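Position chain B against the provided structure of chain A, taking the given hints into account.
The lines below spell out each chain.
There are 2 protein chains.
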Amino acid sequence: MPENENRQWVLKSRPDGMPTEADFELIDSPMPSPEYGQVLIKSLWNSMDPYMRGRITSSPIGGVIESEAVGRVMESRLEGISAGDIVRGRIGWQEYGLLDVTSANPVNPDYGPISTSIGVLGMPGLTAYFGLLDVCEPKPGDTVVVSSASGAVGAVVGQIAKIGGCRVIGIAGSDEKVSYVVDELGFDAGINYKVENVSEALGVVAPDGVDCYFDNVGGPITEAVMEHLAMYSRTVICGRISEYNESEPSMGPRILRYVHSTRSRIQGFTVNQYPAQFEDGRAQLARWVKSGEIKYKEDIIEGFENCPKAFIGQLRGANFGKLLIKVSDE
Amino acid sequence: MPENENRQWVLKSRPDGMPTEADFELIDSPMPSPEYGQVLIKSLWNSMDPYMRGRITSSPIGGVIESEAVGRVMESRLEGISAGDIVRGRIGWQEYGLLDVTSANPVNPDYGPISTSIGVLGMPGLTAYFGLLDVCEPKPGDTVVVSSASGAVGAVVGQIAKIGGCRVIGIAGSDEKVSYVVDELGFDAGINYKVENVSEALGVVAPDGVDCYFDNVGGPITEAVMEHLAMYSRTVICGRISEYNESEPSMGPRILRYVHSTRSRIQGFTVNQYPAQFEDGRAQLARWVKSGEIKYKEDIIEGFENCPKAFIGQLRGANFGKLLIKVSDE
Numbered sequence: 007m008p009e010n011e012n013r014q015w016v017l018k019s020r021p022d023g024m025p026t027e028a029d030f031e032l033i034d035s036p037m038p039s040p041e042y043g044q045v046l047i048k049s050l051w052n053s054m055d056p057y058m059r060g061r062i063t064s065s066p067i068g069g070v071i072e073s074e075a076v077g078r079v080m081e082s083r084l085e086g087i088s089a090g091d092i093v094r095g096r097i098g099w100q101e102y103g104l105l106d107v108t109s110a111n112p113v114n115p116d117y118g119p120i121s122t123s124i125g126v127l128g129m130p131g132l133t134a135y136f137g138l139l140d141v142c143e144p145k146p147g148d149t150v151v152v153s154s155a156s157g158a159v160g161a162v163v164g165q166i167a168k169i170g171g172c173r174v175i176g177i178a179g180s181d182e183k184v185s186y187v188v189d190e191l192g193f194d195a196g197i198n199y200k201v202e203n204v205s206e207a208l209g210v211v212a213p214d215g216v217d218c219y220f221d222n223v224g225g226p227i228t229e230a231v232m233e234h235l236a237m238y239s240r241t242v243i244c245g246r247i248s249e250y251n252e253s254e255p256s257m258g259p260r261i262l263r264y265v266h267s268t269r270s271r272i273q274g275f276t277v278n279q280y281p282a283q284f285e286d287g288r289a290q291l292a293r294w295v296k297s298g299e300i301k302y303k304e305d306i307i308e309g310f311e312n313c314p315k316a317f318i319g320q321l322r323g324a325n326f327g328k329l330l331i332k333v334s335d336e
Numbered sequence: 007m008p009e010n011e012n013r014q015w016v017l018k019s020r021p022d023g024m025p026t027e028a029d030f031e032l033i034d035s036p037m038p039s040p041e042y043g044q045v046l047i048k049s050l051w052n053s054m055d056p057y058m059r060g061r062i063t064s065s066p067i068g069g070v071i072e073s074e075a076v077g078r079v080m081e082s083r084l085e086g087i088s089a090g091d092i093v094r095g096r097i098g099w100q101e102y103g104l105l106d107v108t109s110a111n112p113v114n115p116d117y118g119p120i121s122t123s124i125g126v127l128g129m130p131g132l133t134a135y136f137g138l139l140d141v142c143e144p145k146p147g148d149t150v151v152v153s154s155a156s157g158a159v160g161a162v163v164g165q166i167a168k169i170g171g172c173r174v175i176g177i178a179g180s181d182e183k184v185s186y187v188v189d190e191l192g193f194d195a196g197i198n199y200k201v202e203n204v205s206e207a208l209g210v211v212a213p214d215g216v217d218c219y220f221d222n223v224g225g226p227i228t229e230a231v232m233e234h235l236a237m238y239s240r241t242v243i244c245g246r247i248s249e250y251n252e253s254e255p256s257m258g259p260r261i262l263r264y265v266h267s268t269r270s271r272i273q274g275f276t277v278n279q280y281p282a283q284f285e286d287g288r289a290q291l292a293r294w295v296k297s298g299e300i301k302y303k304e305d306i307i308e309g310f311e312n313c314p315k316a317f318i319g320q321l322r323g324a325n326f327g328k329l330l331i332k333v334s335d336e
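Sequences listed follow chains A and B, in order. Numbering follows the working numbering, in which position 227 of the first sequence is assigned residue number 233; successive positions increment by one, without gaps. Numbering follows the working numbering, in which position 260 of the second sequence is assigned residue number 266; successive positions increment by one, without gaps.
It is possible that some hints are incorrect.
What the hints assert, rightly or not - Facing chain A, according to a computed beta carbon distance under 10 Å, are these residues of chain B, among others:
1) Pro40
2) Gly225
3) Gly245
4) Ser256
5) Thr268
6) Gly274
Calculated directly from the structure, the hints in this document are not laboratory data. All of these numbers come straight from a predicted model, not from anything done at the bench. Think of the CB as a built atom: it goes at the ideal place given N, C-alpha and C, for glycine as much as any other residue.
So here's chain A without its partners, still in its complex pose (with noise of 0.2 Å):
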């Protein structure tokens, strides 16, 4: 193959706060060549996740943005691996790159779509899955609480609560995100952050308290809901997009009151402690996908050269539903 033919984007500097076009490069690398034992992956499709921006804080300057991706297999030198296999791996911010036996996971064509699999079958899939099973332990009649509910993940937290009997409330950040929620997935109530005053909301929609919250947000939402805790509730701290870009902790009022008062549970997460049990939740979230009770939406973003952009907007709020970076085609 001809040298030169693998755009990758580099970290140009280090963002402070909110990261701007200008902190990343567009560069054209050599095609990557595969040792034994490697595979080299075309990337179809690339994933964006706000955790991201966390990696982005200690990650080198000039190295190629961590993320997960989901590619065709060009040549393998790895055994079981063949060329035209699809494979799902932390790829990053490239056309081409090189996975090997620990990093390549084939991707069963059996579940869905390919870019499931680094969706609602993937990563943020199994997020929601573990996190609100295992940490938040809901319990039939509970009432839940999802932050980013149209998100990758609280999409999925909401509708698998759903089905386990419970009461859900999503919170999101515009009316249309909301009537999603509720309309579309079958949440029981939204709420619109943006607009309404989200303690008093919530006095409304959940007069009994909350029993168990999926924070993916951090900050003034996770503080109001804190306020409606219900005796013994537990809360999963996923994600804290509304801190992620602030190198000191800003400051909110004192939390800590209501988890004493109502002797509650809350638990930082993320899905990297489950990996033994990832084929079975990546099993029973594909059944789900199949029969209809889980629900997904993709926004998807055309073109290789808008991975900053499309990354920034995320930041923002501004995605609806999983965002990916359609790579290629092919």
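The following block gives chain B in isolation, referenced to the frame of chain A:
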């Protein structure tokens, strides 16, 4: 008996912030008379505990201040309890009170001096026992931090953690208290929060982070500990003496970033969640006290008339050890 022989401290006005002595009134009331199923108790030792500040926020003006006390049965109309028995219960700030089958707790005289039934072998000791062992789940080798370390709860927390093979760091408000927990109770290190920067000090004495935090104080001390949480740490929110006088939450740095990044757990707790296990816990504490593995210190104020002064002093951190009012000698 003659009438108006029972002195009582009642709530005269609801304190806004730190209570003052003028918020309490000493009144003379008739001697109570037990009905069928009740016992008349003469209070000997009255327990002063920071949690009472919270009760005062919602208790009625003119009502006797709530508290636990231990006393002698003067007259019994309750089967199984006789005049002369020693009984513990929520008698409140009064010289005599009535208890019944649900509220009168016979004190086992084999366990030690009767004052211990409201201290190291009572609510504070059991709070330490269950809060540490059930919520913090310490393992040998863990680093355990306890605030209000020389107090009735904190001193027991640290000593149980030492018995369990942990490294124990106590935070207290004077050099004398720090010396006590290190030199007399065997803690591994102590921090005087009034003169040291708690976060910097923890960086030195807990370089590998804090696995268990037993929180009695809330506020800035707790926020400093959060900066040092180890991966998968467990915090029990048992008290928040620094916040009890606030009607609205004060502002502090947002701490959930630390909970998230370390996958830690924070849990609210009161000992009242464990009634079925109280006697087991008490028996274990009594064994440790008898063997000398757990030491205790009582801060005794003579005279019932000093209840408000002693309580206000406690909220300011003036006591050193379990604070008791000696109501009567016999």
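We went through each hint and held it up to the structure:
1. Interface restraint check: Pro40(B) against chain A, minimum CB-CB distance 34 Å, threshold 10 Å, status violated.
2. Given the 10 Å rule on beta carbons, the hint for Gly225(B) holds: about 7 Å separates it from the nearest Cβ of chain A.
3. For Gly245(B), the shortest C-beta to C-beta distance to chain A is roughly 8 Å, which falls under 10 Å, so the interface hint holds.
4. Contact between Ser256(B) and chain A, as hinted, is supported at the beta carbon level, the nearest pair being about 6 Å apart and thus within 10 Å.
5. Restraint check, Thr268(B) versus chain A: the minimum CB separation of about 6 Å is within 10 Å; hint holds.
6. For the restraint placing Gly274(B) at the interface with chain A, the shortest Cβ-Cβ distance is roughly 4 Å, inside the 10 Å limit, so the hint holds.
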